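Residues per chain are reported as follows:
Protein chains: 2
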Amino acid sequence: MSDAPLSGHELAALDAHWRAANYLAVGQIYLVDNPLLEEPLAPEHIKQRLLGHWGTSPGLNLVYTHLNRLIKKRRQQALCVWGPGHGGPAILANSWLDGSYSKTYPDVTRDAAGMGTLFKQFSFPGGVPSHVAPEVPGSIHEGGELGYALAHAYGAAFDHPELLVTCVIGDGEAETGPLAASWHSNKFLDPVHDGAVLPVLHLNGYKIANPTVLARIPESELDALLRGYGHDPLYVSGDEPATVHRELAAAMDLALDRIHAFQRAARTEGATVRPRWPMIVLRTPKGWTGPAEVDGQPVEGTWRAHQVPLPGVRESPEHLRQLEAWMRSYGPEELFGRSGRPSAQVLDCVPDGDLRLGATPYANGGLLLRTLPVPALDDYAVPVGRRGATLHAPTSVLGGLLEGVMAATAERRDFRVVGPDETASNRIDALYEATGKAWQAQVLPVDEHLARDGRVMEVLSEHLCQGWLEGYLLTGRHGLFSCYEAFAHIVDSMVNQHIKWLRTSRRLAWRRPIASLNYLLTSHVWRQDHNGFSHQDPGFVDHVLNKSPEVVRVYLPPDANTLLSVADHVLRSKDYVNVIVAGKQPGFDWLTLDEARAHCARGAGTWGWAGTEDGSREPDVVLACAGDVPTLETLAAAGLLRAHLPDLAVRVVNVVDMTRLLPREEHPHGMPDSEYDALFTTDKPVIFAYHGYPWLVHRLAYRRTGHAHLHVRGYKEEGATTTPFDMVVRNDLDRFRLVMDVIDRVPGLGVRAVAVRQAMADARARHHTWIREHGTDLPEVTDWTWGG
Amino acid sequence: MSDAPLSGHELAALDAHWRAANYLAVGQIYLVDNPLLEEPLAPEHIKQRLLGHWGTSPGLNLVYTHLNRLIKKRRQQALCVWGPGHGGPAILANSWLDGSYSKTYPDVTRDAAGMGTLFKQFSFPGGVPSHVAPEVPGSIHEGGELGYALAHAYGAAFDHPELLVTCVIGDGEAETGPLAASWHSNKFLDPVHDGAVLPVLHLNGYKIANPTVLARIPESELDALLRGYGHDPLYVSGDEPATVHRELAAAMDLALDRIHAFQRAARTEGATVRPRWPMIVLRTPKGWTGPAEVDGQPVEGTWRAHQVPLPGVRESPEHLRQLEAWMRSYGPEELFGRSGRPSAQVLDCVPDGDLRLGATPYANGGLLLRTLPVPALDDYAVPVGRRGATLHAPTSVLGGLLEGVMAATAERRDFRVVGPDETASNRIDALYEATGKAWQAQVLPVDEHLARDGRVMEVLSEHLCQGWLEGYLLTGRHGLFSCYEAFAHIVDSMVNQHIKWLRTSRRLAWRRPIASLNYLLTSHVWRQDHNGFSHQDPGFVDHVLNKSPEVVRVYLPPDANTLLSVADHVLRSKDYVNVIVAGKQPGFDWLTLDEARAHCARGAGTWGWAGTEDGSREPDVVLACAGDVPTLETLAAAGLLRAHLPDLAVRVVNVVDMTRLLPREEHPHGMPDSEYDALFTTDKPVIFAYHGYPWLVHRLAYRRTGHAHLHVRGYKEEGATTTPFDMVVRNDLDRFRLVMDVIDRVPGLGVRAVAVRQAMADARARHHTWIREHGTDLPEVTDWTWGG
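Chains as they are written, first to last, in my numbering: chain V, 1 to 788; chain H, 1 to 788.
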């Protein structure tokens, strides 16, 4: 890359912009005053607490500067995902330079006063975070927790054919598993309908306190690795700015030329060979242009440059002197004059309007979001004649609706379904009527449903599914993640970050609402007939409910029509993380579509037809349930009570929306106490059959008046490879146990109840004997129907 | 690899063993009776529920067969990690063939009767799981949740120089992030002190319903990728058994020769160049030797072979016929005779005694476990004169103890500390006095503490840290995982599997206890001064407490000496997952070592010196606390109450062991009600300042008599880049708020309390003003000492 495309003028301008950004990054970390160094630096100009990450900043500034040039020269729609998100000072500096910061935050003007505010607010209480957080214009990726940059970048590029998504990957982040898997995303990127991703692997050699693996393997090994990932790498390295500017500009031009050539070939010439997409390996010193040595120790180019390279500036005159020399080395008077406004040379490379990385609408996806065309549910609902007599697999019914959404977005291409190789297993494969599975690698004649332009995405990595979908949603589209319930925990930490992002974004008026992240958790804890104990974990719901209540929603629809109604709701919603737990096995239909809609709108309600109360008084007992299997067992228990203890006034309550159990002050969906008390009573026993860990219900309802009378059954880590009914027996959630619980808790039931209780215990014993001999469930259980 | 080393006799024997294993795998999936096909197969011989995974089984059987040969020929100590853990039928079959199954389960004899039991019990209620679960002899890795095979294999190999750990990686699993990261583990494997890992990438082309990425990229790309990972791959592929046998035997011989050569060079010749370790790429059809077509659809070699290729055997005579032909194709009468005992030819390749993969002590680590030499704590404890006056960073003090353990195990090499690049940041870097950081890649002069034989392991992947440590512990060693609190969630799903493994192992008498998996969670939620909101999540504790109580333990030591005492306990413990949450910032010393020991032994207790009760009656209020920051705020609140409301009888209770709050029936550490009531009272207000999500305390204590009087403060997702005290104020956990809580809840405090309450509110207002102006905490807070 010696034939560099830069004129002397261009080179000087790029370098000026880079120096300006570096100056602003240092200023943010250190200064509360004297932003332009108009007077000699003194301790009172220095922040009392020095917080921030310098090490990655010069590299990020370099990439931002060169992207500016590329965008302006080519008028290229672009977005950048900054993997080293700790480098907030760099991205803030560049946003301030390109004017997008002042556009977003008018009080931070692009002059001396604004520079002063920019510096002071950084990592300061009440100010702005030190990461590339939602507060940062142009960001879709905070990046504080490493691993997800490249998956986010691909998600942003899917179905945005005009877009270039650059992704800076730190060599620390490159050690994480999710990032390592993300390289293979290029086997899922369609050069016709998707945009391009340009990874920039930034090898600055060190993480917090250690060298990085990719910086310390031989060049030949690194090159083989990146080619093995399917890329054609371009290398830029050095510590001499002019050389690096020339090489990086050339590499970016070449990369974009190649990208456009691949796209042209695919789009206009029908090429179907998978492109070897370009990428850039950028090797520059950590903390480049910062202090070379501090207190006799090498700093620039080492891990010691990671955070604040001169920690003692307020106390040590020598550190203070070094800081001043460091900042002046960038030439602030040349870059900003006395006004503090960036010079024309500094701004020479900066694009205008929405092309600016800090102003691109792709990074504020709500601006691009269109209402999702969800078809009318009536076409997909199952008819319900006699309740609890017909069976439908809820997810299979949902599959029809999803097919409808997929078909309705065939032209718009703003809806995707992701999952770890389980779309068919989870029975939403009706989707394949409307689209295929995205796949750019080899196809064999025996394969089914693979398509270069498919919008179902299957890869055996929950991390990739989550990361892709997040990137897709954050840039203004819609989607659903279908996942094994137990293995949703694989993305616990990712969903944390997404919820935190949404919670913060909701408090920023300029960030427009984006589509919710919707989970369909199926293959759930109660139906791991052959995978057994290791596949049983209903705790993702618990995890999510720990997070910000303004963002999180949890639904457990008990049958096919309620699942349809819930899905309709969540697909239209914005700025939430919705978790739906629903079975993929055939289950009884309880509610008609109209009933389902009314029930889901309430979120929790009495199923009058299932109980035996006559309305003249409070019931003797409440049987509550949430989840498909607990609902089945509860209704079976209600049937047993109706038959054996007909005088007992039983109320059956079904809960679809778990957050309704929370107090109103704790969650927007929380029931007022009056409603809770009317539904559950204040002093009658409530036997609550819950899908997951039983204590979750207590954690939600502990403040309710009747809490002392609440008795919850659920999953308590008793599992095996076994039958469905054996699973509920092992966890004391079965119908017989629920009847026993009622008898144990309702006072004054008399001698008849003693006999009934014994009959229930006998039934459980019958189960144990039968299953040992036959390996199947009792016929009286498998043949059961409601009212049958 | 055409110069194959097999004689005709050897080839025939290997093939016989492989066919026998295949026969046994099919039999387990299908048969309840007629195991030797002594009569024509009839529907009543078939299981009612057909559960199991055939697709991967022939490949696993092939690898097991050839490992047998290699082990026997070379007398090589070996362990195998079976990544495709769904292939339980294969590993069970081989364990039965090598006699280790009957040794472990004497009722399953190696004859016709035992074969019948083997078949019937598989994936049958009350029988054995369908995965390579703890019940399977020779397993350290259930593998149902994919991603962790290779990390487990490396963990097993570390500090076992004599051991060969083969690891079969399915091409589905190879798509996961953790597996993708694991390839780089070879940069951390010391050829001198560690054993060897031989990865076998098994490309059978499909996962559940899709082709796999690595099976569908060009050979050249795959080869570059594996070389980029630092391996020297050997390729074996085909669907003609004799050829594959010859090539696989040759590849295994060659691989082991190369491994031994590398080890010899490093161990006896002092070679320090990082070996390009061999690995094998094995490309064979999915469901090889099974039905080629079923109902007109191709099955063998496609995803349709993944689970049960003939699903309708009980109903369809054609399927039944196909099954019988399939099973007879292996020649059972030749393999097992009429007795059901494997023929001499079948057993020809099988090694004996502990060399058998099903009998190796490495897979039952408790057999190898030695007591960890934990030095006396007195040498590390901090002196405590006046309480709450001196400051120590608890993790730094712990670092001394860990250094002691590291030094004491210098020869034995059975203790490692893992962490994602945070050993120094988390202040346990005293470890480097005793050992270095494992590193086999390039070293530069500026680097510090890197060592080829280091036993601190740092890599920026929590998945690798967790996987390595699990493998290390499961094979009989000790260790600790030091991690950012928030990012422990990255391994939520991994710890689930480990807890499930331990829970099941504890119920198997033949599995000997292994060392506990110990977490040190630090850099916790309250001290993310510069990382802010994205780094704040104290919920790992909640996640772990959902799991089996016989396994999980959670400790929140409030100061340095209590941390020492807790660490001493957990390092000596077995079969637990211990989570310790402790700060790395300097904190007050509250207890002497002796007091700390007594307090930690109780797990929760009154700090009489901190309260104001006189013993003559119950206190008016209980201030409870758990965690270092809540303890500080609670003691500060107690000080304020003592000063301002001296007549109020305040009890201060500190909780170290969170599970003590659970009822005795729910956890082995749970307090009896009498003890709980004596400590917390049954009717006095309890203001509980808790480190994490406040509702966790309610979830633990909801059954207690006094629960209605329990008021918990904790983290409620209100965070930012801010000061330590501002964090507690934002979450209403600060001393002033706690005093207000007391005043709001203790009745009859009178007019004086109204004034005190106002003073507290004023102090909070003072905080808000001060921090806005100074960006630091109030001097009255930062200068505070107990009794000062």
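Keep in mind that the hints were calculated from the coordinates and are not lab data.
Any given hint could be a false lead.
If chains are identical, the list can't say which one is meant, so a pair holds when it fits in one copy or spans any two.
Taking lysine to any residue pairs in the SDA-like style, the calculated list, with each CA pair at most 25 Å apart, reads [unchecked claim]: (1) Lys187 with Arg227; (2) Lys72 with Leu508; (3) Lys684 with His709; (4) Lys716 with Arg507; (5) Lys120 with Pro311; (6) Lys716 with Arg703; (7) Lys73 with Gly99; (8) Lys120 with Glu334; (9) Lys103 with Ala720; (10) Lys103 with Leu367; (11) Lys684 with Thr705; (12) Lys574 with Ala720; (13) Lys716 with Ala763; (14) Lys187 with Glu675; (15) Lys103 with Gly114; (16) Lys684 with Arg703; (17) Lys120 with Pro779; (18) Lys120 with Pro724; (19) Lys574 with Val754; (20) Lys716 with Gly99; (21) Lys72 with Gly353; (22) Lys73 with Ser237; (23) Lys73 with Trp277; (24) Lys574 with Ala410; (25) Lys120 with Ser316; (26) Lys187 with Glu403; (27) Lys716 with Leu51; (28) Lys103 with Leu368; (29) Lys72 with Leu36.
Computed from a predicted structure; not experimentally measured.
**OP:** Against the earlier hints, flag every one the structure doesn't satisfy and list their numbers going up.
**Re:** Structure breaks hints 2, 14, 19, 20 and 29.
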